[in-house]
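Protein chains in written order, with this note's numbering: chain U, 1 to 387; chain X, 1 to 322.
Be a bit skeptical, because a hint or two may be false.
Okay, the calculated bits of chain U under chain X, using three or more residues with CB under 8 Å as the criterion [as the list claims (entries may be wrong)]: (1) 111 to 118; (2) 227 to 239; (3) 248 to 256.
What the hints contain is simulated information worked out from the structure, not anything from laboratory work. Everything numeric in this text was worked out from a predicted model, so none of it was measured. No residue lacks a Cβ here, since even glycine has one placed at the ideal position from N, Cα and C.
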Amino acid sequence: MRLYHERARSRSPGCGVASATGASQGLAARQEDHLTQTETGRRLTTPRAGAYILRAGIFACAVMMAPAAFAATQIVGAGSTFDFPFFSKAFYAYTGKHPEVTVNYQSIGSGGGIQQFTAKTVDFGASDVPMDAKELTRAKDPVLQIPIALGGEGIAYNLPGIGKGMHLTPDVVADIYLGKIAKWNDPAIAKLNPGMKLPDTAITVVHRSDGSGTTYIFTDYLSRVSAEWKTKVGTGKDVQWPAPSSIGGKGNEGVAGLVKQTPGSIGYVELAYLLENSIPYAQLQNKAGKYLYPTIDTVAAAAATKPNVSSTDFSIVDASCAECYPISGYSWVMLYQKPKDAARGKLVKTIMTWLATEAQPIAKTVDYVPLPANVQKQALQVLGEMQ
Amino acid sequence: MTEQAVASRLDRPSPPGGRSLRRAQRIASQCFAAALQSSCWLFMLVVGGLAAELIWGARLSIRTFGIGFLWSSQWNPVTQQFGAAPFIYGTLVTSVIALALAAVFGILAAIYLAEFAPRRVGTYLGLLIELLAAVPSIVYGLWGLFVLAPIVANWIGPALQKSLGFLPIFQGTIYGVNVLTASFILTLMIVPTITAITRDLIAAIPTRNREAALALGATRWEVASQVVLPAVHRGILGACLLAFGRALGETIATTMVIGNRPVISASLFAPGYTVASVIANEFTEATSDLYLSALIELGLILMVVSLIVIGLGRLMVRLFIR
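Chain U on its own, in the form it takes in the complex (with noise of 0.2 Å):
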């Protein structure tokens, strides 16, 4: 009985502090009315879990303030998830060079990002399609976008005997979408392929079920080539999937995962997931009529056809040059004009002409594809505007 009456005495006060920083205030105050009337005996707890209490707070302060400390400022920046391989390893080699730096860069997705960027909580954002007209009005202050990263995709399949290489055109690759070539065996396919023995299997459409700029890319491109698609499905991150046979993954590894299983899937995956997996994929025919697979060399080559990309003309799918993959985008950066910290803008800036510039060697080392010479030229020109 005794150990009963002390063990409840000396979990008292620690059972008001509970309370008082809860949401019942009544009860709070009434407690504290017991504290005080309490004798000797239970005063001297009181203190004592008070001096606890804050021992353990300054603790945590110092705890929480030790960084902001040592460490100069740190760059926040969210969205595209697209960009994260690129960013995070580009990043680290920017604090690396300038200590008193860090970029803090949260892939929350596109969507996320515009939305962190509109809401002043970030310094930048980055969105793998760039921000409309609507959302432009919506973040009230001017607004500078410029292209950070360039990607490219490419057509996986599945067929059990066949390697990589079968030659697909856009006419192709859209009806196969769209449902209307359900077989692998089509004529249409055959004729493209004349040595390959291809097999009487139905073909599984693969897609991304998530919301991505992949998609947008992958859309984009269809759209493009095919007047059907474009009024059937039209473009966007996510979009209605006509074929039949049509089947979602979750991002890239999904996309690959259900390929890789599935005999008979066909799916677009992004270059650098499709060059580290050892995935067969499709050469395309570009506008010139050449058979090409996705590489670095001719993502850049259809990229360089469009030097005065901007935030409202961006597409550069189905470019005409001889070397030029059909398939392929850029991921954009968002910037204010005017930031509220000008000092902090200042830094932003520099950092943002280091990734479109300096940086851009590292894309490669994660095989996505370096902003050609002259892209690169024309986001610095838009830098230049930021104050």
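We have chain U; now place chain X onto it with these hints.
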């Protein structure tokens, strides 16, 4: 019950030791009562706040599509046409199948563990089943995608189609990622809940009940089915409700294996979609207001569906079990 009433109950019987002790004790009890009440209210606040937030976020979609949102099968982000039917259907079908399978296997396993298994075996097997609950859902998802999906496509699917192919639910092309695979994954994920709770419930039945039945000449099987199970079936229903709630809301594992196609099809071998999956898939890149609002309304619907299911479960308990 008021706070004072709880406190005075906890105070009794008044112990020896003078006024100061009694007072300290009273304060302790009042603290306890306050903690009980405030934690309950905190949850009420959170749930209420969540519902209000969801309704507020969904208002644009509710205004635009009205009640038709519930049975429209359109999901077209390009033309901004949204409907919830395929997602509600997929969520309910996968969860019901998972619950049916998990209830059968989970309860049988629990009876074996608590009543029949040698003590050592029971302990270790029980531990293993509980371990299933600790596996992160992304691991289930990846395992489902890379291991289970091919098994379903190449073995389980064809076998079912061969034997039960006359049923519409087993007809059509067999995809690896489909409603059935998702149901299997969910089954694995909710079995530990059912098994662990049922086993503990059975273990709590006094031994003398069993001994009495045995003394009357009952076999062990009769003890299990006529003494043990009737005593715990209410608790088992509770466990099933809990498990069902988890199945309804499971996100990432189902996303990996369900195929993510927003259509309603009779076949379990066809891909489907669930409410939680579409939110996880599309929320991050939903840039237009209406799109975002439609996704939030889906969240609201999931909350309401869970509420209805739990309500129905409670009703069943009240109707069928005294």
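How the hints compare with the structure:
| no. | hint | result |
| --- | --- | --- |
| 1 | 111 to 118 | holds (count 3) |
| 2 | 227 to 239 | holds (count 7) |
| 3 | 248 to 256 | holds (count 4) |
The structure meets every hint from the earlier list without exception.
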